[in-house]
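Colleague: First to last, the sequence lines map onto chains A and B. For the first sequence, our numbering gives the first residue as 61, with consecutive numbering after it. For the second sequence, our numbering gives the first residue as 61, with consecutive numbering after it.
Keep in mind the hints are simulated off the structure, nothing from the lab. Beta carbons are placed, not taken as given, at the ideal position from N, Cα and C, and that holds for glycine.
Chain B regions said to be covered by chain A (calculated; three or more residues, Cβ under 8 angstroms): (1) 103-113; (2) 116-123; (3) 138-148; (4) 153-163.
When the alpha-carbon atoms are kept at most 25 angstroms apart in a straight line, the in silico DMTMM-like pairs for lysine to aspartate or glutamate are as follows: (5) K243(A) to D164(A); (6) K94(B) to E378(A); (7) K382(A) to D183(B); (8) K382(A) to D83(B).
There are 2 protein chains.
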Amino acid sequence: MPSHRLDVLAIGNAIVDVIADADDAFLAAQGVEKGSMRLIDEDEAARLYGEMRPGREASGGSAANTVAGLAALGLTAGFIGQLGDDQLGEIFTHDIRSLGVAFDTPPRGDAATARCLILVTPDAQRTMNTFLGAAQTLAPDAINPARVADAAILYLEGYLWDPETPRAAMYAAIDAARAAGTKVAFTLSDSFVIARHRGDFVKLIEAGQIDILFANEAEILMLADEAEFDAAVDAVAAKVPLLVVTRSEHGAVARAGAERASVPAEPIARLVDTTGAGDLFAAGFLAGHVRGLGLEKSLKLGAIAAAEVIQHYGARPEADLKALAGDLLA
Amino acid sequence: MPSHRLDVLAIGNAIVDVIADADDAFLAAQGVEKGSMRLIDEDEAARLYGEMRPGREASGGSAANTVAGLAALGLTAGFIGQLGDDQLGEIFTHDIRSLGVAFDTPPRGDAATARCLILVTPDAQRTMNTFLGAAQTLAPDAINPARVADAAILYLEGYLWDPETPRAAMYAAIDAARAAGTKVAFTLSDSFVIARHRGDFVKLIEAGQIDILFANEAEILMLADEAEFDAAVDAVAAKVPLLVVTRSEHGAVARAGAERASVPAEPIARLVDTTGAGDLFAAGFLAGHVRGLGLEKSLKLGAIAAAEVIQHYGARPEADLKALAGDLLA
Chain A
61 MPSHRLDVLA IGNAIVDVIA DADDAFLAAQ GVEKGSMRLI DEDEAARLYG
111 EMRPGREASG GSAANTVAGL AALGLTAGFI GQLGDDQLGE IFTHDIRSLG
161 VAFDTPPRGD AATARCLILV TPDAQRTMNT FLGAAQTLAP DAINPARVAD
211 AAILYLEGYL WDPETPRAAM YAAIDAARAA GTKVAFTLSD SFVIARHRGD
261 FVKLIEAGQI DILFANEAEI LMLADEAEFD AAVDAVAAKV PLLVVTRSEH
311 GAVARAGAER ASVPAEPIAR LVDTTGAGDL FAAGFLAGHV RGLGLEKSLK
361 LGAIAAAEVI QHYGARPEAD LKALAGDLLA
Chain B
61 MPSHRLDVLA IGNAIVDVIA DADDAFLAAQ GVEKGSMRLI DEDEAARLYG
111 EMRPGREASG GSAANTVAGL AALGLTAGFI GQLGDDQLGE IFTHDIRSLG
161 VAFDTPPRGD AATARCLILV TPDAQRTMNT FLGAAQTLAP DAINPARVAD
211 AAILYLEGYL WDPETPRAAM YAAIDAARAA GTKVAFTLSD SFVIARHRGD
261 FVKLIEAGQI DILFANEAEI LMLADEAEFD AAVDAVAAKV PLLVVTRSEH
311 GAVARAGAER ASVPAEPIAR LVDTTGAGDL FAAGFLAGHV RGLGLEKSLK
361 LGAIAAAEVI QHYGARPEAD LKALAGDLLA
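Next up, chain A with everything else stripped away, as it sits in the complex (with noise of 0.2 angstroms):
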């Protein structure tokens, strides 16, 4: 492989998270469905804040909360993504590029920067209401080929096929990724966003246009259409190079040709807010992988990661993700 300049970049919706809590008749009372991602327009965002508890703001956004976590644990990591000029839009700017992070998307005049409304109940799941805003006009020409073959993985988030524009950005960025031999790694997301863009995913696997995929236990059912779990996973790990299917308490498992590997989900103290668990485990793992550390060792990173996450609120890590890796990225 040759020396890449970026060890990953990542595309994805650009999100400022405005976090609250809240509790399940506020949900129903809402009528939306818990643990899982809606779309919103400005009106419904406006109208849900106004009924919603204060809140925290903080950088977001699932393929950015990866990245943030790849470069807390010591990787080269880029990100593309569409914001608003406006003052969430210097927030996430902000917080990504302090970290290191290469971001150089110029933000739009014409359009708010996303914001994610998170209701966190009392079991720290979270229930996520998105106005995409700015990010739904990620464009094509905002992938630049170049930046692309520069690094050793691009990866990419499910949610980013629900608006039409950045659909087309991606695909432009996977053509450019295998053009030049950069490894595509892909998040299902939501299971909902299974739902609604299944064929497209199920025909970009099948076209052997992912490497490395990234699902939980609901996605990789209905991914599949398995109701039973080691089938599911059996049906897809056949598919993709290297598929990784976190279980939440249940802990993950990684599939890579023959080769299997499985660990428990990480100790920890308190359960507060699981917005980004996924995100961070994803993080940890391809910092294993990027380092060449196996599955399990991968796997046991990402686990470390997602523990980090969930004990506070917000999706980017708040402690020191390289000591808590320890000696395994040392």
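Given the structure of chain A, go ahead and fit chain B onto it with the hints provided.
Modeller: Structure of chain B alone, referenced to chain A:
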């Protein structure tokens, strides 16, 4: 005392906090004094923000934190403060209104919402760098005398003395309060603020314009120009009907004429970020005072509210303060 629509009406800087971890070396390199608040202009705010680690954003402002605490404790509260017409202003407005606080100061289009860059060191101390923006334009005409008359207590923060226009607004508010029999509560805010405005503060106190005074240890020493704590408390207590002095982990004392009380600090599991400790102490104390609980129980409520806010990032309560207050406010 006639019945009032509001228990407490507060006037303060309307600020969104940007909270980031920092170490002592960073503070030294920036030339800022740990534990203090300094005012910075927009250029310095942009420069410092560029140097800071990733942030979390949350509504702040000293007096605004106090009314947030009061509302969380079940009191009726209002707030007056100047925002810009921007996203940070929307965040501030949402957060304070969602607590049930009456807030209707119209935002201004010609200045950005104030932000406070808060550096939290590993010892949980906060060092504040405040860009006042729109907050420094709060004008006397924003103070409705009828609204002041309709509150049992008018609560003012010393920070407002720094910019000239809000200072004039404060004097107008104090006049309205005295004319209506509304009690005036005042927090000294910061020892550097006292260094800049001690003459004004002494004059207000000597003229009998302050009914309830809040200070911490450093502030009471500087205000009294004394080197010894008890002497400073004695000197100031002789001039204000009600004096409350907080002493961080050493608890707090209150004096009302010949009456004296003190409480130890509440035990905490984990000290995270002391931002808002004094603001929430004032909230707890005032809640007890308004409910007629007497000095000791009011101090205890202050200690409970302060203990909650220092166990997480951000200056607004996250746990259910009413539940924490238990029988005290039942």
